[in-house]
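Undergrad: Sequence:
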Amino acid sequence: MNEILRIEKLSKTFLDGSGNQLEILQAMDFSFPQGKSISIVGRSGTGKSTLLQLLGGLDRPTQGNILFQDEDIFSFSSDRLSNWRNRHVGFVFQAHHLLPDFSALENVLLPAMIMGVKKEVYHKRALELLSLVQLEDRVHHKPSQLSGGEQQRVAIARSLINAPDLLLTDEPTGNLDVHTGDVVGQLLLDICKETQITLITVTHNPQLAAAMDLQLELTEGKLVETSQL
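Everything in the sequence shown is counted per this note's numbering, starting at 258 for the first residue and increasing by one.
Hints were generated in silico from the structure; no laboratory data involved. Source: prediction; values computed, not measured. Check the hints yourself; a few may be wrong.
Stated by the list, open to error - Here are the simulated lysine to aspartate or glutamate pairs, DMTMM-like style, with alpha carbons at most 25 Å apart:
1) Lys-293 with Glu-260
2) Lys-450 with Glu-280
3) Lys-399 with Asp-422
Claimed, not checked - Distance windows between CB atoms, simulated:
4) Phe-271 with Ala-352: 19 to 25 Å
5) Lys-381 with Ser-339: 21 to 27 Å
6) Gln-326 with Val-435: 35 to 41 Å
7) Asp-434 with Asn-340: 36 to 42 Å
In this text, a Cβ means the ideal position worked out from N, Cα and C, and glycines have one as well.
Just need the whole structure built from these sequences, with the hints factored in.
TA: Here it is in structure tokens:
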């Protein structure tokens, strides 16, 4: 099975309030399969969000490597790492982080505009993505005119505008009611299957976690498979 990311001897250490070293991730090795949905669960404070930030190049490990197509992303220059992240990785967080003065369409276009692409070039794709998340009738609405579930769906569409290989989501249903969370969770799974994008989701939602192709638990600084592909 092809892999999209491989982590080797990955460690992350923080200092606690007393100045003592706290090793959250401990010499971790794991290969993430390409084109699959993967959930990561675990108790609060075990480092799930930290791991997700490392996988997306938003933070650097204390030790170890993260390989994408056999290249360590932390060997990249700052500019190359930023370009890699913008081109290959989409992010969805618990909070949608939509710009309040932008329409749904403009928010979806934003990552492409940051990369220097004229919005006219990606206009059609942005409309297609809003249709994919069932918001074709909310294109010109601002975030304040959308429900919580609709705001999160705009965030999902935005994460896909640059056609990433990897979609990282951190508690994507955490701020939503049960029904809306189920809708958003199923949408993520459907997108993964339709586009063959790799989906890695940190969640406390047991139903969402169980629906993924591969379920992992982060415990004592290591990833443990709780299901087999």
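Undergrad: Run every hint past the structure and note whether it holds.
TA: Verification of the hints:
{"no.": "1", "hint": "Lys-293 with Glu-260", "result": "holds (10 Å)"}
{"no.": "2", "hint": "Lys-450 with Glu-280", "result": "violated (35 Å)"}
{"no.": "3", "hint": "Lys-399 with Asp-422", "result": "violated (28 Å)"}
{"no.": "4", "hint": "Phe-271 with Ala-352: 19 to 25 Å", "result": "holds (22 Å)"}
{"no.": "5", "hint": "Lys-381 with Ser-339: 21 to 27 Å", "result": "holds (26 Å)"}
{"no.": "6", "hint": "Gln-326 with Val-435: 35 to 41 Å", "result": "holds (39 Å)"}
{"no.": "7", "hint": "Asp-434 with Asn-340: 36 to 42 Å", "result": "holds (38 Å)"}
Violated hints, listed in ascending order, are 2 and 3; each of the other numbered hints is respected by the structure.
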